[in-house]
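J.: Residue-level listing of the chains:
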Amino acid sequence: MKPEALTEALVEKFGDQVAPLETPFEIPQYRVEPRALVDVATYLKEVGFEMLLDVGGVDYYPRSPRFEVVYHFLDMKNRRRVRLRCSPPDERPEVPSLAAIWPAADPAEREVYDLFGVVFTGHPNLTRILMPYDWEGHPLRKDYPLRGPREKLEARFAAEKNRFHAPKLAGER
Amino acid sequence: MEMTNGQFFVTTIDKFVRWAQKSSIWPLTFGLACCAIEMMNLVGPRYDAARFGSEVMRASPRQADLMIVSGRLSLKMVPVIQQVYQQMPEPKWVIAMGACASSGGIFDNYAIVQGVDRVLPVDVYVPGCPPTPDAVLHAIMKLKESIAQGRAKGGVMAREA
Amino acid sequence: MAKLDPAGLPLEHPDPRGYRVEAAEGDRMIISVGPHHPSTHGVLRLILELEGERVVNCVPEIGFLHTGIEKTAENLTWQQAITVIDRMDYLSPLSNNLAYVLAVEKLLGIEVPERARYIRVLMVELQRIASHLVWLGTTVLDMGMMSGFFYAFDIREAILDIFEEVTGARMNPSYIRIGGLANDVPDNFVQMVQEFLDRFPKRLDELHAILDENPIFLDRLKGIGAISKDKAIAYGLTGPNLRACGIDYDVRKAFPYCGYEEFDFKVPLGTNGDCYDRYLVRMQELRESHKICVQALQRLPEGPWQIDDRKIVRPPKHEVRENMEALIHHFKLVSYGFDVPEGEVYVSIESPRGEIGYYVVSNGKNKPWRVRTRPPAFYNVFAIPEMVRGELVADLVAVVATVDPVFGEVDR
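Residue numbers (the numbering used here), protein chains in the order written: chain A, 17 to 189; chain B, 4 to 164; chain C, 3 to 414.
If we strip away everything but chain A, and leave its shape as in the complex, we get (with noise of 0.2 angstroms):
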């Protein structure tokens, strides 16, 4: 199937829950409705692209809406990858999981969710995979900056080292 194929079959399938975008280089790319992604993934996965092969979020703050989550397909046989980009809307960042479709979703989403917080409903276990559990704030958010809240950790931990220290004995300096 030939991508200018693949997308008249997607657009006559989903109407305008799908639109094909620009293409600049090899992999087509489409614009999905979160509501119709578990569709649209069903129906590639019917037509060969057989292999998930990520599942990345990206962050266009202050853009609205300001999240994305872009899928890339994999097709071994013929040798074709597609991309679709998801973007939910801000007030309420809930995408459909596709951890039913694909194992491979469950991990990925779980970081997508741990590190942007978009949340994927219908997923499994959706909790913390990188950060520890006790974690506030989504790390890769760009209003998030980039030390962190490193600074009070390491005040708690600087309170505790001398735990670990030595005390000097009587008349050392």
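What the hints contain is simulated information worked out from the structure, not anything from laboratory work.
For clarity, every value in this text was computed on a predicted model and none was experimentally measured.
Heads up, the beta-carbon is just placed ideally off N, CA and C, and yes, glycines get one too.
The reader is advised that the hints may include incorrect statements.
Label pairs and their in silico Cβ distance ranges [unchecked claim]:
1. C:Val269 - B:Trp22: 49 to 59 angstroms
2. C:Gly392 - A:Glu49: 37 to 47 angstroms
3. A:Tyr77 - C:Val269: 34 to 44 angstroms
4. C:Lys334 - B:Trp22: 53 to 63 angstroms
Position chains B and C relative to chain A; hints supplied.
T.: Relative to chain A, chains B and C alone:
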């Protein structure tokens, strides 16, 4: 101390203990990041830390004297490294291997502790990203020197009231 | 805050499937392997549910090496970001470099000279050999053989010597730059690589001699940790782990980059997808990489090693000393960098662990807006539960070792 054929030498207990401590420092296999691969080279054929009594990499902290913190330390790892350090028997030493372990290195960001000396007492810092195994051998030599001179306290806690 | 165990990790794992350390039912036991454990090859924590010695379930927990590399890269210029991206997959930093650099070059619309292209291929393939040798050394060490470790690391030292000679660093060299290379190769490069390539097949035969008929080694790998084709695809496995299942997918063949279509090499395939096949595939890949290196060295052309665009690559030092314009270019590149046209691009290459891809977003400024990595080891790690289910605890060591995760890349 009496020798078999009547010879003897005099030393202080302190010196003797330090000699024993410095002569076979067993490192803990505490690999974190890039530096861990260079630390593996340390016991490899070319650098061969066995020449200096440090070839026995111990996986259990209970059997190790030296923790080579090889790589960047993330905030999530801090409780783990503290527990592993506490599990090591005294005396124990710490080498901060590489720029990240010494100072955070190029990763001045939300996730990385800016130097392990913020959470552990460090005896020797090794520069480099990653340091070559020779540099780590040099650090072990330096550590031995400072043990022999009694400067490295070995993490011994509260010897005075 | 969740209740913590002495290590500061949550006692009640927030997994709805119910992993509670104290709530093991009947004969089931739950143990935590890692994050500090010799067989996890880094800082991986595996929560195992055991029935006797059989693994019933396994939940990997990662993030102990989360470095914030993607965030840091957003705060550096395009060229500077190479240094942090180096440190993701620390066994093959040049693959990371290459994938990222190819992505940025695609956005810029530049094509590097032939010589740079060949040196890139040569260096990346040498890196693949070095990376597979570390994998081999640590795997045989986990299988209880110290000598294999010595052999593998000894061969690897020769490659590191080449890297040190060419780039100045044994690891993390940041050698592949946007627009070409950091520097030309030294005069003795061809000779050094030739010497290594002449010696390598014999050294590899030695390794085969001590491993291929070693009953202990084979018993611990054969039929252990198999994963089916469908599962492998569903879990997003790539690289040698996928090819061990018999699926012919190699980015070098499927989506050639850097002129890989000109080289004659085969893609080794396994059949069962078990630990032994993963071992075989990597061993054969060593030979194929050797073949590519030989071809690249033979064809290595003379000529420029970077593009001739002073807006992107730095002018040579002697010009900076004499030429005002060159000095200005130099200053501009070092202080500000260069702007990259707006757009999004995904470029992937075959790293020793699988398909490493970079989804790079530019907003037209001198810093990347977003650098998203597709980490192959990340997806490979989450396929481990599928492989160890039903196996013995001791086999977990073989599975984790043959999957070959690198945690710099898993956690980034």
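J.: Where does the structure disagree with the numbered hints, that is, which hint numbers, in rising order?
T.: none
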